[in-house]
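Chain order of the listed sequences is L and H. Residue 167 in numbering that gives the first Met the number 0 sits at position 168 of the first sequence; the count goes up by one each step and never skips. Residue 76 in numbering that gives the first Met the number 0 sits at position 77 of the second sequence; the count goes up by one each step and never skips.
One should not assume that every hint holds.
Derived DSSO-like pairs: lysine-lysine, alpha-carbon spacing no greater than 27 Å straight-line [said to hold, decoys possible]: (1) H/K28 / H/K70; (2) H/K198 / H/K70; (3) H/K180 / H/K198; (4) L/K90 / H/K28; (5) H/K198 / H/K29; (6) L/K90 / H/K70; (7) H/K70 / H/K29; (8) L/K82 / H/K56; (9) H/K180 / H/K28; (10) H/K180 / H/K29; (11) H/K70 / L/K82; (12) H/K56 / H/K70.
Since the hints were derived computationally from the structure, they do not count as laboratory data.
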Amino acid sequence: MSTQALLGQLLVGLINGSFYAMLSLGLALIFGLLGIVNIAQGAFYMLGAFTSWMLLRWVGIGYFGALILVPLIVGLFGAIVEKVLLTRVYKLDHMYGLLLTFGLMMFIQGTYIYFFATAGRPYPVPPELAGGSNLGFMFLPKYRAWIVIASVVLCCATWFAIEMTSLGRTLRAATENPRLTRAFGVNVPALMTLSFGVGVALAGAAGVFAAPIYQVSPLMGADLIIVVFAVVVVGGMGSILGSIVTSIILGLLEGLTKVFYPPGSNMVIFVIMIIVLLVKPAGLFGRER
Amino acid sequence: MTDAVLAIDDLQGWYEDSHVLQGVSLDVKKGECVTIIGRNGAGKTTTLRAIMGLLDKRLGSIRVGGTETIKAASETIARLGVGYVPEERGIYASLDVTENLLLPPRVAAGGMSIDEVYLLFPALRERRRSSGTRLSGGEQQMLAIGRVLRTGATLFLLDEATEGLAPVLVHQIGRAIETMKQRGNTLVLVEQNFRFAAKLADRHFVMEHGRIVDVIARADVPAQSGRIRAYLGV
Chain L
0 MSTQALLGQL LVGLINGSFY AMLSLGLALI FGLLGIVNIA QGAFYMLGAF TSWMLLRWVG
60 IGYFGALILV PLIVGLFGAI VEKVLLTRVY KLDHMYGLLL TFGLMMFIQG TYIYFFATAG
120 RPYPVPPELA GGSNLGFMFL PKYRAWIVIA SVVLCCATWF AIEMTSLGRT LRAATENPRL
180 TRAFGVNVPA LMTLSFGVGV ALAGAAGVFA APIYQVSPLM GADLIIVVFA VVVVGGMGSI
240 LGSIVTSIIL GLLEGLTKVF YPPGSNMVIF VIMIIVLLVK PAGLFGRER
Chain H
0 MTDAVLAIDD LQGWYEDSHV LQGVSLDVKK GECVTIIGRN GAGKTTTLRA IMGLLDKRLG
60 SIRVGGTETI KAASETIARL GVGYVPEERG IYASLDVTEN LLLPPRVAAG GMSIDEVYLL
120 FPALRERRRS SGTRLSGGEQ QMLAIGRVLR TGATLFLLDE ATEGLAPVLV HQIGRAIETM
180 KQRGNTLVLV EQNFRFAAKL ADRHFVMEHG RIVDVIARAD VPAQSGRIRA YLGV
């Protein structure tokens with residue numbers, strides 16, 4: 000076993016973990032306050048990648064512009080979805096939210112397949128982040144390092160916003176006891192719209208990061224979201240910190256499996272999920288409800 | 000009735016399918032301190048929850064400062080200047096003491112500063128970094144009261160503020176309520192401890208089976224003590 004192959008796979012694992020983290024972070028945020036299991040998170044990720052592609056192709060706005068605009072566009076779309084659709088299922092069982100977002104995912108995906116077919120479209124790595132450096136023991140592409148750093152920054156920023164700001168304080172309170180929090184004069188419904196918008200904007204941002212390394216295709220989210228859900232189940236539904244930590248660990252573990260037992264790499268996360276569900280059903284970082 | 004800060008007329012209230020409030024009518028004047036007394040299950044807590052818009056269904060009329068709120072959302076009612084101290088205290092476990100105090104947004108000018116709240120409840124200052132649920136029952140109660148003093152609310156609903164507390168803490172809560180009264184606030188107390196309530200309140204509304212059945216003014220309390228004992232079933 001060469002060290003080079005090992006480190007190479009660990010890097011791939013770290014990058015996959017970064018994407019799991021960005022997607023599961025949004026899921027945790029949404030589930031925590033809204034109680035909605037947002038199956039459509041993968042579709043919002045795809046929308047993020049596609050919107051970057053459209054901005055570049057049709058408007059001429061490049062990668063860094065997309066990094067700012069796309070989360071706003073996707074987040075706004077998410078906020079509208081929340082106001083128009085999700086508000087109708089809050090009073091019902093969790094299952095209805097899951098079904099609704101599942102339908103939404105099929106709709107978004109189907110629309111994009113109709114207009115763009117399923118073939119992948121390339122998106123160029125921005126010149127500022129092209130190339131890489133030889134670290135001596137391995138070659139590190141600059142863009143991959145950038146994703147890992149960006150993901151860490153995004154996760155830290157989200158964590159900071161929730162733990163240290165007054166908005167985050169209100170969010171934690173509303174998550175814990177929405178009815179009473181309203182009785183203190185907090186507009187919880189508006190907070191829910193905001194949370195869903197921010198949650199899917201995170202997925203949109205992940206889509207921008209993904210565009211240059213994966214092909215931009217209508218199905219790119221569907222492949223990813225299944226793994227992300229396994230990660231979320233392992234970490235504990237609704238736990239922000241749990242989602243981040245579990246994402247990175249499972250990404251790395253997946254990379255390791257690819258080195259030592261390649262056929263197992265596609266299922267290692269699901270095997271862990273099954274074990275965690277048997278031993279600690281609320282997830283590693285989740286609280287029993 | 001024009002100076003009524005709170006005017007409730009024929010209020011009907013439901014928890015799911017159970018019809019708890021069956022025509023509650025009462026009014027509270029500005030600066031007045033009233034209690035709602037009665038046996039367990041009479042609907043006292045439910046009345047306060049109804050005022051805050053926390054019931055599944057309610058009908059009738061609840062006017063807060065002249066504004067009809069029967070169809071209003073909880074946050075709208077709170078923003079009319081209503082400070083609510085729930086029976087279960089409602090301290091947030093995921094927030095520390097300071098964060099709990101800072102949570103309710105200011106709805107009007109004239110609220111206490113956080114330092115004034117700490118002055119009123121020095122114990123809270125010592126525990127200000129503790130998570131909300133690691134406090135003793137008394138500290139939680141002080142936090143629940145202190146939390147709404149910041150907001151600038153002028154109508155306060157206190158549900159069982161002295162329940163389960165040691166006498167020294169009951170005394171401290173009593174002082175806090177006195178301070179609130181002196182500031183010209185209007186208070187509605189739900190109390191099991193009638194001796195405590197009698198010292199503070201101007202009028203007592205007696206509740207039975209989801210209705211107000213009697214009103215006893217402060218001056219009549221000594222003469223009516225037999226009747227009151229009968230109402231409370233003690």
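Results of checking the hints against the structure:
no., hint, in the structure
1, H/K28 / H/K70, "holds, 22 Å"
2, H/K198 / H/K70, "violated, 35 Å"
3, H/K180 / H/K198, "holds, 12 Å"
4, L/K90 / H/K28, "violated, 37 Å"
5, H/K198 / H/K29, "holds, 19 Å"
6, L/K90 / H/K70, "holds, 18 Å"
7, H/K70 / H/K29, "holds, 23 Å"
8, L/K82 / H/K56, "holds, 23 Å"
9, H/K180 / H/K28, "holds, 13 Å"
10, H/K180 / H/K29, "holds, 10 Å"
11, H/K70 / L/K82, "holds, 20 Å"
12, H/K56 / H/K70, "holds, 10 Å"
Hint check: violations occur at hints 2 and 4; the rest are consistent with the structure.
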